[in-house]
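**Q** Chains C and A supply the protein sequences, listed in that same order. For the first sequence, the numbering used here gives the first residue as 2, with consecutive numbering after it. For the second sequence, the numbering used here gives the first residue as 19, with consecutive numbering after it.
Because the hints were derived from the structure by calculation, they are not lab data. Be careful, since some hints might not be right.
What the hints assert, rightly or not - List time: in silico DSS-like cross-link candidates among lysine-lysine, alpha-carbon distance up to 30 Å:
{"#": "1", "chain 1": "A", "residue 1": "Lys133", "chain 2": "C", "residue 2": "Lys242"}
{"#": "2", "chain 1": "C", "residue 1": "Lys127", "chain 2": "C", "residue 2": "Lys242"}
{"#": "3", "chain 1": "A", "residue 1": "Lys196", "chain 2": "A", "residue 2": "Lys326"}
{"#": "4", "chain 1": "C", "residue 1": "Lys242", "chain 2": "A", "residue 2": "Lys196"}
{"#": "5", "chain 1": "C", "residue 1": "Lys242", "chain 2": "A", "residue 2": "Lys326"}
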Amino acid sequence: MNTMIQGMTGKEGRRMAAWMIASGTDVLAGVTPGKGGETIEGRPIFNTVAEAKHTFPQIDTTSIVVPPLRVLDAVQSALESGLKYVHILSEGVPVHDVIRIRNMAKAHQAFVLGPSSVGMMHVPEKWRIGYIGGEHPFAGAVSGSVALVSTSGGMTNEILQAFFRNGIGVSVAMAVGGDRISALSVEEAIYSWMDRNDVRVVAAFLEPGNALLDRLVSGKIRFRKPCVFLVPGDALADLPKGRPYGHTGTELAETAPTLHDMRMAITECGYPCFSRMEDFIDTIKSL
Amino acid sequence: MRLVEADAKQILHEAGIRIPDSFFLDREALSWPSDRAWGGPVMIKAQVREGRRGKRGLIQVANTSDDVPGILHVLRATECPGFLVEKKMEIAIEWLVSALVDRSVNAIRIHLSSKGGAEAHQTESYAVDAIPVERFPVEVVEVAQRLGRLLVEHDALSIEINPLAKLSTGEWMALDAKIELDDAAVSRHAGRVIRFPQSIDPVVDLDGDIALLLSGGGASLIAIDALARAGGRAANYAEVSGNPSPETVAEYTRRVLVKPGLRGLWIAGSHANFTDIEATLRPVLETAESIGWKKPIVIRRDGPNAEKAKAFASEWSRNTGIVLRFHDSSVSLDASVRELMSLV
Numbered sequence: 002m003n004t005m006i007q008g009m010t011g012k013e014g015r016r017m018a019a020w021m022i023a024s025g026t027d028v029l030a031g032v033t034p035g036k037g038g039e040t041i042e043g044r045p046i047f048n049t050v051a052e053a054k055h056t057f058p059q060i061d062t063t064s065i066v067v068p069p070l071r072v073l074d075a076v077q078s079a080l081e082s083g084l085k086y087v088h089i090l091s092e093g094v095p096v097h098d099v100i101r102i103r104n105m106a107k108a109h110q111a112f113v114l115g116p117s118s119v120g121m122m123h124v125p126e127k128w129r130i131g132y133i134g135g136e137h138p139f140a141g142a143v144s145g146s147v148a149l150v151s152t153s154g155g156m157t158n159e160i161l162q163a164f165f166r167n168g169i170g171v172s173v174a175m176a177v178g179g180d181r182i183s184a185l186s187v188e189e190a191i192y193s194w195m196d197r198n199d200v201r202v203v204a205a206f207l208e209p210g211n212a213l214l215d216r217l218v219s220g221k222i223r224f225r226k227p228c229v230f231l232v233p234g235d236a237l238a239d240l241p242k243g244r245p246y247g248h249t250g251t252e253l254a255e256t257a258p259t260l261h262d263m264r265m266a267i268t269e270c271g272y273p274c275f276s277r278m279e280d281f282i283d284t285i286k287s288l
Numbered sequence: 019m020r021l022v023e024a025d026a027k028q029i030l031h032e033a034g035i036r037i038p039d040s041f042f043l044d045r046e047a048l049s050w051p052s053d054r055a056w057g058g059p060v061m062i063k064a065q066v067r068e069g070r071r072g073k074r075g076l077i078q079v080a081n082t083s084d085d086v087p088g089i090l091h092v093l094r095a096t097e098c099p100g101f102l103v104e105k106k107m108e109i110a111i112e113w114l115v116s117a118l119v120d121r122s123v124n125a126i127r128i129h130l131s132s133k134g135g136a137e138a139h140q141t142e143s144y145a146v147d148a149i150p151v152e153r154f155p156v157e158v159v160e161v162a163q164r165l166g167r168l169l170v171e172h173d174a175l176s177i178e179i180n181p182l183a184k185l186s187t188g189e190w191m192a193l194d195a196k197i198e199l200d201d202a203a204v205s206r207h208a209g210r211v212i213r214f215p216q217s218i219d220p221v222v223d224l225d226g227d228i229a230l231l232l233s234g235g236g237a238s239l240i241a242i243d244a245l246a247r248a249g250g251r252a253a254n255y256a257e258v259s260g261n262p263s264p265e266t267v268a269e270y271t272r273r274v275l276v277k278p279g280l281r282g283l284w285i286a287g288s289h290a291n292f293t294d295i296e297a298t299l300r301p302v303l304e305t306a307e308s309i310g311w312k313k314p315i316v317i318r319r320d321g322p323n324a325e326k327a328k329a330f331a332s333e334w335s336r337n338t339g340i341v342l343r344f345h346d347s348s349v350s351l352d353a354s355v356r357e358l359m360s361l362v
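Model the full assembly from the supplied sequences, consistent with the hints where possible.
**A** Next comes the structure, spelled out in structure tokens:
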């Protein structure tokens, strides 16, 4: 995985570069318009993605840490230069820009993760994009065949650490971000894992308001591998409606069926769905 | 940002969609303005952001100007910037027409229903350029397509007209409007005038007595569930993640801790990826000390610099005499809050 970081000269970009390099990811270059010629963490900075790609044609991946209103342009530059894997850390990207990014990804047949994503990691292959897993993602990591997807960056790490403490081995872990619309949805992530030999069980963390919940209840979903869901938020029922909590994608409609009922319906469709971490972990351990 | 009806209708009006003649009355108004002629029955509508105003009695009809003071008196009990006063129209049929960013298909969709009004629910959903035009009145299709364009132009999440009414005169008119704008894009529309902008308070006041400072959108939900399971009642909801500035953290802490009657503070979050646990904890404890906080504090945090955070918290507790426990992520959120409840 040969990567660049767009926005590498900023505070978060510099830290992400240092952490990714330290955990063994090949960060070859950075891009910040106007800062071409500088060096960060021993890597050259270029003014454009095209220039970076010209010097390092092997780069196929980028992590984007630019201000939210510049993300759309950054993604476009990356895709037009032929990069196939785009990770967006930036938060606060306008929803209509994310819709445009989804369309661009499809047109370029590229994989785009985020926005508001802490990244993605593969335990057996020992690579990590972004911050996922913290400063030392592979310390204490247990290799295995459980794939984890989460809308929450913090919960991705919380669940990973709980898995490792319980001896549950992980192959791939991915944070899709908690925005209202994501470039890659939880549903799309899970479907992409159905044909992979290194994924036997899927574990997913979702928040209320996620579109997948309604689709699971409807019975229209057919995941061919065991999927276990953690969906907290019963106490949200007591909070004022009509505003998001935590993430912009977490909002209860003014008339929503209770989460408890939704979880029961989802479990009855064959996908165990829990509100408590302990039950979620125990079930995955048993599979 | 959810707009009040008056702001939403202004956007529709500027886009060429017909709305009733109207004017705005401040909440303090006591009667019909003396400088306005009475022109017949009017609707007086409280400008609240939540729906179902009709059912909640927040839309009233004044048949004569004598009715107005009594209506204003009743409506004034509701928190809102004021009232939209509109000419009452004679309605023949009511449609629901909306454009929205539809999360179930990750795209823009138009929703249409010929049964508009208060009881509207079943809608048909189409992509903007795939509305089967032969099935709907041409005026409905035109408005629907215009809303689809407006949604993109204004970076809106949803624009709903319910009802889009055909009047007894044959004209079509938007009698109510709801617009939700994407907060992330507001700075792209600096020239747009929103008379009553909405700011979402990051701290939500609740009835309980356990103060919360939560981190992580997902973990905050697990945390409030865990508190409820442990028999505790939240005094507030407050969530901040990433690496907020010490000033921001101090401000949140102040707001959360000044509430009277609190029995304890739970500082809780997930095992962070990149939040500096020590840098984000320090301003909380320093602020708590500066405002004279004396109740037990339980911290459940892990991630970068968590060891330093624990050392700092332990020393702080020794110096201030305040009961404090520090849990890393080997202690579940449920176990952590149970310990807090045993201390308070």
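**Q** Look at each hint and say if it fits the structure.
**A** Here is what the structure says about each hint:
no.	hint	result
1	A:Lys133 with C:Lys242	holds, 26 Å
2	C:Lys127 with C:Lys242	violated, 42 Å
3	A:Lys196 with A:Lys326	violated, 49 Å
4	C:Lys242 with A:Lys196	holds, 16 Å
5	C:Lys242 with A:Lys326	violated, 38 Å
Consistency note: the structure conflicts with the earlier hints numbered 2, 3 and 5.
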